[in-house]
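Q: Each chain, written out:
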Amino acid sequence: MGAKHFGARVKRLEDPALLSGRGRFVDDVKLPGTLHACFVRSPYAHARLKAIDAKPALALPGVHGVFAADDLPGPMRREPMAMLTPNPSIAAPRTQHVLARDEICYVGQTVAVVVADSRYIAEDAAAAVAVDYETLEAVGDCRDAIAESSPRTHSDLASNVAATFRLTYGDVDAVFASAAHVFEEEIWQHRGGGMAIETRAVLASHDPVSDMLTVWSATQTPHIGRRMLADLLGRELEAIRMIAPDVGGGFGPKAIFYPEEAVIPGLALKLGRPVKWIEDRREHFLCATQERDQYWDVAIAVDAEAKILGVRGRLLHDSGAFLPWGIIMPYIAAATVPGPYVVPAYQIDTIVALTNKVPTTPVRGAGRPQAVFAMERLLDRVAGELQLDRAEVRRRNFIKPEQMPYEVGLVFRDGKPLIYDSGDYPAGQDAALAQADYDGFRERQRAALEQGRFIGIGIGNYVEGTGLGPFEGVTVRVLPSGKVAVATGATSQGQGTRTTLAQIVAEHVGCRIDDIVMTVGDTAAIAQGVGAFASRQAVNAGSSALLAGQAVRGQLIALAARVLGVDPGDVDLEDGNAIAATGNKPMISFGELARLAQGIPGVSLPEGQAAGLEHTAYYTPSQAAYCSGTHVAEVEVDAMTGGVQILRYTVAHDSGRVINPLIVDGQVQGGVAHGIGNALLEWMQYDDNGQPLTTSFADYLLPMATDVPTCAITHVETVNPLNPLGAKGAGEGGAIPGPAAIIAAIEDALSPFGVHFAETPLTPERIVAALRAAGAYERLFAA
Amino acid sequence: MAKQPTRVIVNGKAHARIVESRLTLADFLRHELGLTGTHLGCEHGVCGACTVLVDGRTARSCLMFAVQAHGCEVTTVEGLTPDGALSPLQQAFMDNHGLQCGFCTPGILVTLTELLRENPHPTEQDVREALTGNLCRCTGYAGIVKAALDAAQRMRETREP
Numbered sequence: 000m001g002a003k004h005f006g007a008r009v010k011r012l013e014d015p016a017l018l019s020g021r022g023r024f025v026d027d028v029k030l031p032g033t034l035h036a037c038f039v040r041s042p043y044a045h046a047r048l049k050a051i052d053a054k055p056a057l058a059l060p061g062v063h064g065v066f067a068a069d070d071l072p073g074p075m076r077r078e079p080m081a082m083l084t085p086n087p088s089i090a091a092p093r094t095q096h097v098l099a100r101d102e103i104c105y106v107g108q109t110v111a112v113v114v115a116d117s118r119y120i121a122e123d124a125a126a127a128v129a130v131d132y133e134t135l136e137a138v139g140d141c142r143d144a145i146a147e148s149s150p151r152t153h154s155d156l157a158s159n160v161a162a163t164f165r166l167t168y169g170d171v172d173a174v175f176a177s178a179a180h181v182f183e184e185e186i187w188q189h190r191g192g193g194m195a196i197e198t199r200a201v202l203a204s205h206d207p208v209s210d211m212l213t214v215w216s217a218t219q220t221p222h223i224g225r226r227m228l229a230d231l232l233g234r235e236l237e238a239i240r241m242i243a244p245d246v247g248g249g250f251g252p253k254a255i256f257y258p259e260e261a262v263i264p265g266l267a268l269k270l271g272r273p274v275k276w277i278e279d280r281r282e283h284f285l286c287a288t289q290e291r292d293q294y295w296d297v298a299i300a301v302d303a304e305a306k307i308l309g310v311r312g313r314l315l316h317d318s319g320a321f322l323p324w325g326i327i328m329p330y331i332a333a334a335t336v337p338g339p340y341v342v343p344a345y346q347i348d349t350i351v352a353l354t355n356k357v358p359t360t361p362v363r364g365a366g367r368p369q370a371v372f373a374m375e376r377l378l379d380r381v382a383g384e385l386q387l388d389r390a391e392v393r394r395r396n397f398i399k400p401e402q403m404p405y406e407v408g409l410v411f412r413d414g415k416p417l418i419y420d421s422g423d424y425p426a427g428q429d430a431a432l433a434q435a436d437y438d439g440f441r442e443r444q445r446a447a448l449e450q451g452r453f454i455g456i457g458i459g460n461y462v463e464g465t466g467l468g469p470f471e472g473v474t475v476r477v478l479p480s481g482k483v484a485v486a487t488g489a490t491s492q493g494q495g496t497r498t499t500l501a502q503i504v505a506e507h508v509g510c511r512i513d514d515i516v517m518t519v520g521d522t523a524a525i526a527q528g529v530g531a532f533a534s535r536q537a538v539n540a541g542s543s544a545l546l547a548g549q550a551v552r553g554q555l556i557a558l559a560a561r562v563l564g565v566d567p568g569d570v571d572l573e574d575g576n577a578i579a580a581t582g583n584k585p586m587i588s589f590g591e592l593a594r595l596a597q598g599i600p601g602v603s604l605p606e607g608q609a610a611g612l613e614h615t616a617y618y619t620p621s622q623a624a625y626c627s628g629t630h631v632a633e634v635e636v637d638a639m640t641g642g643v644q645i646l647r648y649t650v651a652h653d654s655g656r657v658i659n660p661l662i663v664d665g666q667v668q669g670g671v672a673h674g675i676g677n678a679l680l681e682w683m684q685y686d687d688n689g690q691p692l693t694t695s696f697a698d699y700l701l702p703m704a705t706d707v708p709t710c711a712i713t714h715v716e717t718v719n720p721l722n723p724l725g726a727k728g729a730g731e732g733g734a735i736p737g738p739a740a741i742i743a744a745i746e747d748a749l750s751p752f753g754v755h756f757a758e759t760p761l762t763p764e765r766i767v768a769a770l771r772a773a774g775a776y777e778r779l780f781a782a
Numbered sequence: 000m001a002k003q004p005t006r007v008i009v010n011g012k013a014h015a016r017i018v019e020s021r022l023t024l025a026d027f028l029r030h031e032l033g034l035t036g037t038h039l040g041c042e043h044g045v046c047g048a049c050t051v052l053v054d055g056r057t058a059r060s061c062l063m064f065a066v067q068a069h070g071c072e073v074t075t076v077e078g079l080t081p082d083g084a085l086s087p088l089q090q091a092f093m094d095n096h097g098l099q100c101g102f103c104t105p106g107i108l109v110t111l112t113e114l115l116r117e118n119p120h121p122t123e124q125d126v127r128e129a130l131t132g133n134l135c136r137c138t139g140y141a142g143i144v145k146a147a148l149d150a151a152q153r154m155r156e157t158r159e160p
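If you read the sequences in order, they're chains A and B. Heads up: the first sequence begins at 0 in numbering that gives the first Met the number 0, then just goes up one per residue. Heads up: the second sequence begins at 0 in numbering that gives the first Met the number 0, then just goes up one per residue.
Please keep in mind that the hints were generated in silico from the structure rather than gathered at the bench. Hints should not be assumed to be uniformly reliable.
[Said to hold, decoys possible] List of simulated lysine-lysine pairs, DSBU-like, C-alpha gap at most 30 Å:
1. B:Lys-2 / B:Lys-12
2. A:Lys-269 / A:Lys-29
3. A:Lys-482 / A:Lys-584
4. A:Lys-306 / A:Lys-415
5. A:Lys-3 / B:Lys-145
6. B:Lys-2 / A:Lys-29
7. A:Lys-29 / A:Lys-482
8. A:Lys-54 / A:Lys-269
9. B:Lys-12 / A:Lys-29
10. A:Lys-269 / A:Lys-49
11. A:Lys-54 / B:Lys-2
12. A:Lys-399 / A:Lys-415
13. A:Lys-482 / A:Lys-10
14. A:Lys-10 / B:Lys-145
15. A:Lys-399 / A:Lys-306
[Unchecked claim] Chain A side only, calculated, beta carbon under 7 Å to chain B, not exhaustive:
16. Asp-14
17. Leu-18
18. Gly-20
19. Glu-197
20. Leu-661
21. Gln-668
22. Ser-695
23. Phe-696
24. Ala-704
25. Val-707
The structure displayed is predicted, hence computed values, not measured ones. Every residue, glycine too, gets a C-beta built ideally from N, C-alpha and C.
Could you put the whole structure together from the sequences, leaning on the hints where they help?
A: Structural data, given as structure tokens:
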């Protein structure tokens, strides 16, 4: 089999339509007779809903109705939404109702919904709905929330502690008691939102003839969404079709099933007309899930040679008011700290606190950036205290490639022991350092300092559990036209899923990439599906594409051999034809074979012949696929303004066998931009009462083209032995070690002043405050 | 709601409609004319996804009413696209992986169309500064910048053979 597709920089099949304005996002889908919805949302972080007066809204021309919880069809009228990832550690498994019934626990929570002829009228009417609230005391800061005296996030709960759990192995107390050195750090980290440029969006339409309810949603997980919706409506799964058409970015928050995704279909059923809701950006700031504050108190014990003996500490995680995805981010965070290092003893106690804020769920990286930041800050501290080079400290502690597979001693979020399948961490760091000219940096720094410029360098290493189960499926079917239909439950929000899967199928089936007809993100196309999160689709759907492609290849060869009268071993598949290698090399097209595979009505198929040329594979991974990497950031800090410019950014990335370097490089570069946002800019702020303070792109800053340099990216390929592709995930890694590398670089740049940073985002104000506290300005002005 | 007659030339074609005064130009293009290539990402003038050309200059169609475009010529991403083909700028985006989800892309293509018209020899810094009015969450901008510089070169080569 030639390598013409797999591993090549194949240009994306998605691009021509998206470049010419022919993409089809949810709001581009127009159905006749569509009504438009706008939600009435709570202005209070904690309140009791007393009464709703819809009369002023109903009086407006063009308004079709105002609906509260009791007006909704099906079980969702009374039942809260299900928790997708339960965990026995959760003491308060709170999830929300699709429309509030009594108590409201965060600003923006859905209270009622207005349906009107246009979005403009619906927004007018939503503002005219009068809601009587009894305000309750709220808690906005997770550190306050865990105090006995704190107001309760939910008034009936005895405590705001939603869950506690300990991850541990080894004799932590013993190693800390006898270590040559112990260093402690207090760390604050904030992640912000996913902030896809397309907001959330839902359109629903019920066809009374077929009784089919069709829902278009800007979601990462249409199959999961259909399941949730079926439960909330009390409707058969087969009577719901959920479609994720073109989706304008996901980054985690669109993996969640939201109240609006249940209410809009419910209204379409109730009203007998299509209903559409397009979230605005302010709603996205209020109601799309975020990842938010984590406070870490961590300590590292090392011997006299800087070898790690143990890590221990406490992690406090702000979960917001509900737990739609359980506690997976703090769990992943607590399991990711050891990373690429040998850590003989380990213990992290995690407290998950409820607060009166929108729930937190995974955002690109999902707990891993925080864990990596904690570990890398500790190692930088060790290097500083022992006066060793930062790269050298890491080198002394790396897990060596000959130790693979390496069992860390914890259980990962997939429920399986945390066992790194493969990887060469020292080679990854060496590659990144060479590319970054790390050895020449101290000379660059000295020269810059002579000119009064402050430049610094920082390193971030990580290991990331990707490719999580339970499964993803791919159907491959040869059509009578000669084209090859591919359907998958995997979805695309920009990752190039169509192209990647088409490459794999084309390679194994022996057709042209252009002859593949791909359906992604449509529950009607394949029975089972999971969707996009945890950098899982190349591993899961990619492996299924390989398995289904190989099965159909076998069917094509068997049928062609019989028809052409040759040995199966003498049949080649190329560009949509089966060609015999013997005789006068007769051939037959895939289209003709597909027709033959349908058989003749009433006539038995030959022995061994399957019906049609078709196979569905559901690859089920035995455990996570552990990718890894090293980032090196070189920055310049303006000591007067606190402004940070990233001069150079280098990535060495191991995502196993690379299917399409064009796409993987794009994923890494995009992830780095997200990491830069986390390190320097993005901060979703609330006051002490849980009122959001940053609800526009003027207040909450995303990285711009002038903030993100073009990275130098090196691929270090260690083949994953556990899946047939040898692949590991690539979607999130770019976002994970950025804050660690960037904050370390800022600290290094300002080392003449001895300032220390252990927080993200590190804004200019905070840099200036630290310099002022260190007496830097007296020295600078005296100089 | 007050309505006003509005005549706009969009992508070379004249349209006359009576629209609500408060209808944004973006919603007019998307929902009255069916030109859904123009996208709305923030509706408060920061993300730039809705950028179109109004009389040849970039404008935020979310911050403009349709009636304000009365008598103007508007160009959207559909108008930048040759029949059945891609423009040199669009082709450069495909070749250099200048897009991922594609949602911000139409606004970025419009912004760069203005830049390359006014400055056929942009530096990387020129491109980056021109792009500060457009947010992209997927790409980290590298492919976009590369595509813009590549397109500038291709367009120079066609102009100056």
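Q: A separate judgement is required for each hint: does it hold in the structure or not?
A: A quick look at each hint next to the structure:
| no. | hint | verdict |
| --- | --- | --- |
| 1 | B:Lys-2 / B:Lys-12 | holds, 22 Å |
| 2 | A:Lys-269 / A:Lys-29 | holds, 20 Å |
| 3 | A:Lys-482 / A:Lys-584 | holds, 23 Å |
| 4 | A:Lys-306 / A:Lys-415 | holds, 28 Å |
| 5 | A:Lys-3 / B:Lys-145 | holds, 25 Å |
| 6 | B:Lys-2 / A:Lys-29 | holds, 23 Å |
| 7 | A:Lys-29 / A:Lys-482 | holds, 29 Å |
| 8 | A:Lys-54 / A:Lys-269 | holds, 20 Å |
| 9 | B:Lys-12 / A:Lys-29 | holds, 22 Å |
| 10 | A:Lys-269 / A:Lys-49 | holds, 25 Å |
| 11 | A:Lys-54 / B:Lys-2 | holds, 26 Å |
| 12 | A:Lys-399 / A:Lys-415 | holds, 22 Å |
| 13 | A:Lys-482 / A:Lys-10 | holds, 20 Å |
| 14 | A:Lys-10 / B:Lys-145 | holds, 15 Å |
| 15 | A:Lys-399 / A:Lys-306 | holds, 14 Å |
| 16 | Asp-14 | holds, 4 Å |
| 17 | Leu-18 | holds, 4 Å |
| 18 | Gly-20 | holds, 2 Å |
| 19 | Glu-197 | holds, 4 Å |
| 20 | Leu-661 | holds, 5 Å |
| 21 | Gln-668 | holds, 4 Å |
| 22 | Ser-695 | holds, 6 Å |
| 23 | Phe-696 | holds, 4 Å |
| 24 | Ala-704 | holds, 4 Å |
| 25 | Val-707 | holds, 5 Å |
Hint violations for this structure: none, all hints satisfied.
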